[in-house]
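2 protein chains.
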Amino acid sequence: MPEQIPQDSIGLVTPQTLHFDQPLELECSTVLPGYTLIYETYGSLNEDASNAVLICHALSGNHHAAGYHSMEDKKPGWWDTAIGPGKTIDTNRFFVVVPNNLGGCNGSTGPTSTNPESGRPYGPDFPFVTVQDWVVSQARLADALGIHQWAAVVGGSLGGMQTLQWSITYPERLRHALIIAAAPKLTAQNIAFNEVARQAIRTDPEFHEGRYIEHNVLPERGLRLARMLGHITYLSDESMGAKFGRELREGHLNYDYGVEFQVESYLRYQADRFVGQFDANTYLLMTKALDYFDPAAAHGDNLSAALSRVSAQFCVLSFTSDWRFSPNRSREMVRALLDNDLKVSYAEITANQGHDAFLMKIPHYLNLFGSYMKRITVGGETS
Amino acid sequence: MPEQIPQDSIGLVTPQTLHFDQPLELECSTVLPGYTLIYETYGSLNEDASNAVLICHALSGNHHAAGYHSMEDKKPGWWDTAIGPGKTIDTNRFFVVVPNNLGGCNGSTGPTSTNPESGRPYGPDFPFVTVQDWVVSQARLADALGIHQWAAVVGGSLGGMQTLQWSITYPERLRHALIIAAAPKLTAQNIAFNEVARQAIRTDPEFHEGRYIEHNVLPERGLRLARMLGHITYLSDESMGAKFGRELREGHLNYDYGVEFQVESYLRYQADRFVGQFDANTYLLMTKALDYFDPAAAHGDNLSAALSRVSAQFCVLSFTSDWRFSPNRSREMVRALLDNDLKVSYAEITANQGHDAFLMKIPHYLNLFGSYMKRITVGGETS
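Heads up: the sequence lines are chains A and B, in that order.
Sequential numbering of the first sequence, starting at 1, is according to the working numbering.
Sequential numbering of the second sequence, starting at 1, is according to the working numbering.
A hint or two may mislead.
Covered stretches of chain B (in silico footprint by chain A; criterion: 3 or more residues with CB under 8 Å from a CB of chain A, positions within the stretch not fixed) [stated by the list, open to error]: (1) 192 to 205; (2) 242 to 251.
Computed list of lysine to aspartate or glutamate pairs in DMTMM-like fashion (alpha-carbon distance at most 25 Å, straight line) [claimed, not checked]: (3) K243/A - E381/B; (4) K243/B - D90/A; (5) K185/A - D301/A; (6) K185/B - E238/A; (7) K374/B - D90/B; (8) K361/A - D237/A; (9) K243/B - D301/A; (10) K185/B - D237/A; (11) K75/B - D341/B; (12) K185/A - D8/A; (13) K243/A - E332/B; (14) K75/B - E220/B; (15) K185/B - D272/B; (16) K343/B - E381/B; (17) K185/A - E348/B; (18) K343/A - E332/A; (19) K185/A - D73/A; (20) K74/B - E27/B; (21) K343/A - E172/A; (22) K243/A - D21/A; (23) K361/B - E27/B; (24) K185/B - E250/A; (25) K361/A - E172/A; (26) K75/A - D341/A; (27) K243/A - D301/B; (28) K185/A - E247/B; (29) K343/B - D294/B; (30) K185/A - E27/B; (31) K185/A - E117/B; (32) K185/B - D294/B; (33) K185/B - E332/A; (34) K361/A - E238/A; (35) K185/B - E27/B; (36) K185/A - D48/B; (37) K185/B - E172/A; (38) K243/B - E250/A.
Source of the hints: derived by calculation from the structure; they are not laboratory data.
Note that the Cβ used here is the ideal one computed from N, Cα and C, for glycine as well.
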């Protein structure tokens with residue numbers, strides 16, 4: 001392995017794509033005639049296909065969760081802290097599959113793809129996708145890969161919602177569900193933040209009703225605002241305080257609208273980075289999928305009833321300083337799972353990093369998470 | 001009193017204006033050659049001018065705190081719940097003075113005023129104003145009204161910061177300071193929210209570097225976003241949940257970007273209302289004044305040292321669900337006041353309304369607040 005890639009990394013990885021010709025009827029009733037999923041896999045599928053782990057990504061995530069695409073990459077995949085040989089999700093034991101969600105902008109069919117009906121980019125015509133739609137599309141990917149049952153489905157944030165939905169939609173197709181920093185549905189405040197982000201994008205004059213690609217522009221201002229706002233909700237007041245405090249970039253007040261406090265610099269930097277990488281229509285779709293997720297709704301708002309057919313074993317993890325999806329939201333899920341006499345491990349992890357803690361190298365968290373993964377048995381291993 | 005105006009209201013009120021010719025050197029070093037303050041007063045100043053109460057307003061507040069401007073007014077002033085005959089701040093006892101802050105957009109000199117040097121609106125040329133500048137300008141108003149010492153200075157949120165600054169700048173000019181739902185300085189998270197609001201306004205193409213009035217337009221999109229975001233931070237997750245939950249406006253999902261959840265409707269309504277009423281440059285200035293406020297900075301970040309010359313008696317109130325300026329922030333002030341052996345009453349009020357609780361008719365809160373006001377002695381009264 002080349003020396004600039006760390007020893008415990010999965011190393012160089014290559015994304016794969018798979019096209020599905022079978023039409024997919026989405027929850028919004030639109031039928032997608034066909035679609036492509038891009039995904040990465042790490043490790044090897046064992047003989048009885050009992051060691052497959054599905055990773056579901058969050059709002060701005062994608063299929064590149066671990067390793068490097070090239071020797072020039074400065075950063076590995078988004079969950080490299082947790083996925084790799086000997087790591088929390090041990091690629092020496094597990095065959096890890098990470099698709100980019102339908103509606104995404106990193107290679108799976110989404111708003112930036114060409115609409116076969118018009119020959120132009122889908123843009124705003126890409127249909128609304130839901131967590132349930134993603135789960136169905138991921139099940140087809142599992143079929144194609146010869147995976148009848150996942151050893152585990154794992155996800156943080158919006159990824160945790162997909163994990164919960166997997167346990168409801170296909171109870172027999174997963175043995176373990178790991179739900180991290182998630183919630184069984186958004187609160188009014190969560191929806192409100194999403195709505196401000198959407199308004200920022202949609203009122204940007206360069207949005208052009210979603211047809212900005214055809215106008216050769218990007219709704220940069222709106223996407224920047226959405227990302228800045230997102231970042232505030234991903235961090236805790238405490239971690240922002242520890243990271244930036246009230247530190248002044250130039251040591252004194254300038255009485256102008258340039259960057260005065262370090263935290264302003266951080267937000268502007270994050271915003272700038274995001275604009276070149278992420279599609280605004282995808283951002284809109286993802287926030288809508290978050291808003292819509294509510295498996296209890298069809299059961300009179302009774303989450304326990306929604307989980308009555310579930311059979312997986314669960315590991316639910318939350319972080320004390322996460323105010324986007326607070327520990328209380330995880331406890332709601334744990335309570336509903338226990339109502340159904342399901343096996344649940346739950347931990348509330350003391351961490352001041354806020355919602356983003358789920359992506360970070362926090363030893364106590366990764367140890368707990370890793371211990372749970374170790375207890376998952378797979379075929380061909382002697383225990 | 002006409003029947004549509006409630007019995008306990010101060011009734012019809014008329015704003016007054018006062019022009020100050022004496023130049024004012026601001027903290028940013030700019031000298032304002034002269035300025036006008038608009039203000040309202042309720043009740044009568046007693047013989048020895050010992051019953052005057054100054055009310056300092058918050059970010060989007062103004063001089064119209066109580067009563068009605070005309071019989072057609074649908075709503076009274078912003079703190080009519082607390083100010084009036086027999087109310088918490090009893091206008092039968094106190095002479096209440098409420099100025100609109102310098103830099104405001106409701107009649108005091110600010111960005112929408114004409115710059116005497118250019119004959120055009122100040123717009124972005126209006127200088128940065130700080131909490132300290134406001135206090136100095138308010139002291140001149142007190143001089144003009146013949147008020148040497150306020151019986152009390154009272155303020156919520158940014159108004160509470162002005163109250164704290166009054167006690168530092170003019171220790172001998174106030175007997176009581178009531179600081180409600182405030183903080184001794186902003187956190188990095190508070191600054192981050194302000195920065196997103198500013199970016200929303202400043203990147204609006206109709207902002208025209210702040211000269212939108214001369215272009216006959218308004219940066220409506222930016223101001224709407226700033227207001228929506230503000231509203232999220234004024235309410236608590238709990239109160240938003242209680243008010244809107246996940247209720248759908250039309251009872252079913254539409255899979256579009258119109259209003260689906262009630263909370264979206266609320267935000268859009270608040271944004272629309274604000275745009276016609278508030279000036280974007282003033283909004284920018286007010287958020288900067290918030291960011292800059294930090295009386296401890298000049299004393300090595302030691303708030304106790306910053307308060308060493310203070311002599312007022314204090315009433316500090318906070319609300320359990322206020323996450324913008326949480327009870328912890330009030331406790332910091334209380335601790336620093338106690339370090340200086342000052343008299344302090346402190347209450348943490350159980351209320352689920354978030355930061356906005358300070359404006360609301362919450363009996364427990366208004367009772368506590370009113371009890372404190374009743375204990376303030378004024379000349380000519382027999383106790």
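* Could you tell me which of the numbered hints above are not met by this structure, giving the numbers in increasing order? => 3, 4, 11, 12, 15, 17, 19, 20, 22, 23, 25, 26, 30, 31, 33, 36, 37, 38
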